[in-house]
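Residue numbers (the working numbering), protein chains in the order written: chain A, 1 to 408; chain B, 1 to 408.
Take these hints with a grain of salt, some might be off.
Since the list gives no way to pick out one identical chain from another, each pair is judged satisfied if it fits inside one copy or across any two copies.
The calculated SDA-like cross-link candidates involving lysine to any residue, where the alpha carbons are at most 20 Å apart (straight line), are [what the hints assert, rightly or not]:
#  : residue 1 : residue 2
1  : Lys318    : Ile274
2  : Lys119    : Ser136
3  : Lys184    : Ser53
4  : Lys41     : Leu11
5  : Lys219    : Pro112
6  : Lys119    : Ser101
7  : Lys98     : Ile274
8  : Lys27     : Gln362
9  : Lys318    : Ser53
10 : Lys98     : Gly139
11 : Lys41     : Thr10
12 : Lys388    : Pro54
13 : Lys19     : Pro54
14 : Lys219    : Leu11
15 : Lys219    : Pro54
16 : Lys119    : Pro137
17 : Lys125    : Ala158
18 : Lys119    : Ala58
19 : Lys125    : Ser53
20 : Lys119    : Gly139
21 : Lys125    : Ala58
22 : Lys372    : Ala396
23 : Lys19     : Ser53
24 : Lys388    : Ser136
25 : Lys161    : Met124
Since the hints were derived computationally from the structure, they do not count as laboratory data. In this text, all values refer to a predicted model and were calculated from it rather than measured experimentally.
There are 2 protein chains.
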Amino acid sequence: MKFGGTSVATLDRIRRAAKRVGVEVAKGYEVIVIVSAMSGKTNELVNWVGETSPLYDAREYDAVVSSGENVTAGLMALTLQEMDIPARSWQGWQVPLKTTSAHGAARIEEIPTDNLDAKFAEGMKVAVIAGFQGVSPEGRITTLGRGGSDTSAVAFAAAFKAERCDIYTDVDGVYTTDPRITSKARKLDKIAFEEMLELASLGAKVLQTRSVELAMRYKVKLRVLSSFEEPSDTAGTLVCDEEEIMEKNVVAGVAYSRDEAKMTLVSVADRPGIAAAIFGPLSEAGVNVDMIVQNISEEGRTDMTFSCPTDQVARAEKAIMEAKEQGGINFHDLVADTDVAKVSVVGIGMRSHAGVAAQMFQSLRDEGINIKVITTSEIKISVLIDRKYMELAVQALHDTFGLERSSS
Amino acid sequence: MKFGGTSVATLDRIRRAAKRVGVEVAKGYEVIVIVSAMSGKTNELVNWVGETSPLYDAREYDAVVSSGENVTAGLMALTLQEMDIPARSWQGWQVPLKTTSAHGAARIEEIPTDNLDAKFAEGMKVAVIAGFQGVSPEGRITTLGRGGSDTSAVAFAAAFKAERCDIYTDVDGVYTTDPRITSKARKLDKIAFEEMLELASLGAKVLQTRSVELAMRYKVKLRVLSSFEEPSDTAGTLVCDEEEIMEKNVVAGVAYSRDEAKMTLVSVADRPGIAAAIFGPLSEAGVNVDMIVQNISEEGRTDMTFSCPTDQVARAEKAIMEAKEQGGINFHDLVADTDVAKVSVVGIGMRSHAGVAAQMFQSLRDEGINIKVITTSEIKISVLIDRKYMELAVQALHDTFGLERSSS
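In isolation and in its complexed conformation, chain A is listed as follows:
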């Protein structure tokens, strides 16, 4: 059971979370509880580090920002003890949760189970773990990146072969789309790992992407649910293997991303290796290029379009102009359009259903929305459109694919 920052924001909320743990203990389970820092605490620490040292030593960053989780882990253990549930806290180095030395974004290498198992054997019912943190081979504290407690939780579930991994957060599950955009958005009872990965990286920020990858690899039954709702067996959304989803809609959800920019190199001299000449410098400059489209070449020249986050446009322009000056690429004009948004439909059902793309384009045409760029993968179709049509597009696609109705 993992409780996020809003679920442990006050002593009272910690008590409410502890009661949920108590329900599972009463059922006879041994429970590993992963806690985040009280909401706001980690941001405060991150800001202090940034103010102290703009180009900080990531090892010291980790030592500072990991401390919020230590507080909630101890308080949660005390709260459980007050309920007469044998519990104790563990910090990352005590487990130990062994990670790489990539401070600030370390990867989990191993979680030995003997320390916790020994305590469970002695009668402990709940192990409370400070999430987000681990220890490097050098014995220094590491952190797993923002949202890393989700990854801690899945890693513990995998290491201890847990029956379930329940992620308690401030939303009650994964929705077919953002309920703020259409009231027809529906909570999904189940979603496949692959779909969740596409939705998470597309902006449905419910779970850290790495935690979903890890759950997929180790077949961890992952459930996202709200700590502010009454517990029930159908609460939340189960993220699972697609085989476990009997009745599927072709499309599981509609995602969007507001902060996309479209950049076009007009009339590029087309020659073998031109893509590498453009995207090499962009990658070196740290620009996260997402979609790439190349028009058909005419008379040896072509248009090359790509998208990247809005706040990286200046960096992208600089990298491309430098490459031009150094003679690496030759083009007539560079046009940046920062008034675009990305809308995507995601669903493992696409694999077996033809015509999803056609249906999507038809729907957008019916609304008079012009498509600027298209990319597709096996289970996703994304389009760039004018930002002002974003909400309309999401609503139209949600209707087109009948997402307000459950297929079961």
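Let chain A serve as the given structure and place chain B on it in line with the hints.
Same frame as chain A, now just chain B:
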């Protein structure tokens, strides 16, 4: 160099403290810096633990309340790095600072020097240590009791055979008495360990008592100074061996304690073992008995008077009445006087100077102050008086022993 909570209360103050460290590094020193939590942080954590669990598990208490020091240690290391001083932070378990398992008030067992020495050999100039915390033989986090960072600092100074141990705080040294009581109070340049121990335990709360004991045992040159004053070689007060104090006043200082209560068992049946019969139950009840006076026995009965902190009077009365009911002691009446205060004169010079007690009593008599109880040790004389005369007594004794003048 140890910086207390007020000296690291904000990022700006951490920078000021780091500058002082930089001055020592520029002189060619390698420095171990011990930091407390930002002022207020530890109290917040202590309150959270108390609210969560009134009879808390001390192991979880330690895990929670030690986290404030981790934050300041990391921030101090980052601040030093920004000044181009090679520095890193260590938490208690990383050093490791090994302690007993007496959570909440653990005693230091050992500080291995190899980890820090290896880093100093590699060119590190400053090791920043999270004060107040250590690790038990079971691998759990321990704390050294409130004010424990002073003890951390002295222990590190001893283990690393440091040239000095500078304790930066919000007062500029140790005074002959509380300057709020008399403006004639004078900062001492030097004070002997034994005197400091008597003054600290008597209420001059500058240093944790244990840190002074430790410094005395390991001959650590301990200096108390303000982090809010300009650095200088004569700043603060040096706490040292009495041999190092060439010119001494007979009396070093006048201490007081406001929250004392006097309790008298009137007409106790005097018999061998009566003291044990009274003070055994008091000790078991957790009453800190300070002064004890027994009158001369007449016709097999005597009066027995003792003092204890005001807030322990109810507990003391309960323990004594229970002992009476069980037949352990027999007396006519139990009288508690909570309107008293203790005033003490302290000085190693008393060992070689007779007449200090007489001078003290004369001075109090001249002011018309009645003495209720007297106790003496080799270097201290304490009296209980009516609380309303406390300030007057301190002022009179300060004058009598000429403390406004330095003897050198």
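Now for the hints, and whether the structure bears them out:
1. Lys318 <-> Ile274: Intra 18 Å, inter 91 Å, cutoff 20 Å: intra-copy only.
2. Lys119 <-> Ser136: between (24 Å within a copy, 17 Å between copies)
3. Lys184 <-> Ser53: neither (47 Å within a copy, 45 Å between copies)
4. Lys41 <-> Leu11: both (14 Å within a copy, 16 Å between copies)
5. Lys219 <-> Pro112: Intra 19 Å, inter 44 Å, cutoff 20 Å: intra-copy only.
6. Lys119 <-> Ser101: So Lys119 and Ser101 pass the 20 Å test across copies only (18 Å; inside, 28 Å).
7. Lys98 <-> Ile274: Neither: 42 Å inside a copy, 61 Å across copies.
8. Lys27 <-> Gln362: For Lys27 and Gln362, neither the intra-copy (52 Å) nor the inter-copy (76 Å) Cα distance is at most 20 Å.
9. Lys318 <-> Ser53: Answer is neither: 26 Å inside a copy and 57 Å across each miss the 20 Å cutoff.
10. Lys98 <-> Gly139: Result: close both inside a copy and across copies, 9 Å intra and 16 Å inter.
11. Lys41 <-> Thr10: Classified as both: same-chain Cα gap 11 Å, cross-chain 16 Å, threshold 20 Å.
12. Lys388 <-> Pro54: neither (36 Å within a copy, 56 Å between copies)
13. Lys19 <-> Pro54: between (41 Å within a copy, 18 Å between copies)
14. Lys219 <-> Leu11: Classified as neither: same-chain Cα gap 34 Å, cross-chain 45 Å, threshold 20 Å.
15. Lys219 <-> Pro54: neither (40 Å within a copy, 42 Å between copies)
16. Lys119 <-> Pro137: between (24 Å within a copy, 16 Å between copies)
17. Lys125 <-> Ala158: within (18 Å within a copy, 42 Å between copies)
18. Lys119 <-> Ala58: between (33 Å within a copy, 18 Å between copies)
19. Lys125 <-> Ser53: between (42 Å within a copy, 18 Å between copies)
20. Lys119 <-> Gly139: between (23 Å within a copy, 14 Å between copies)
21. Lys125 <-> Ala58: Answer is between; shortest inter-copy Cα gap is 19 Å, intra-copy 35 Å.
22. Lys372 <-> Ala396: Classified as within; 17 Å inside a copy, 91 Å across copies.
23. Lys19 <-> Ser53: This pair counts as between: shortest inter-copy Cα distance 15 Å, intra-copy 41 Å.
24. Lys388 <-> Ser136: neither (47 Å within a copy, 61 Å between copies)
25. Lys161 <-> Met124: within (18 Å within a copy, 43 Å between copies)
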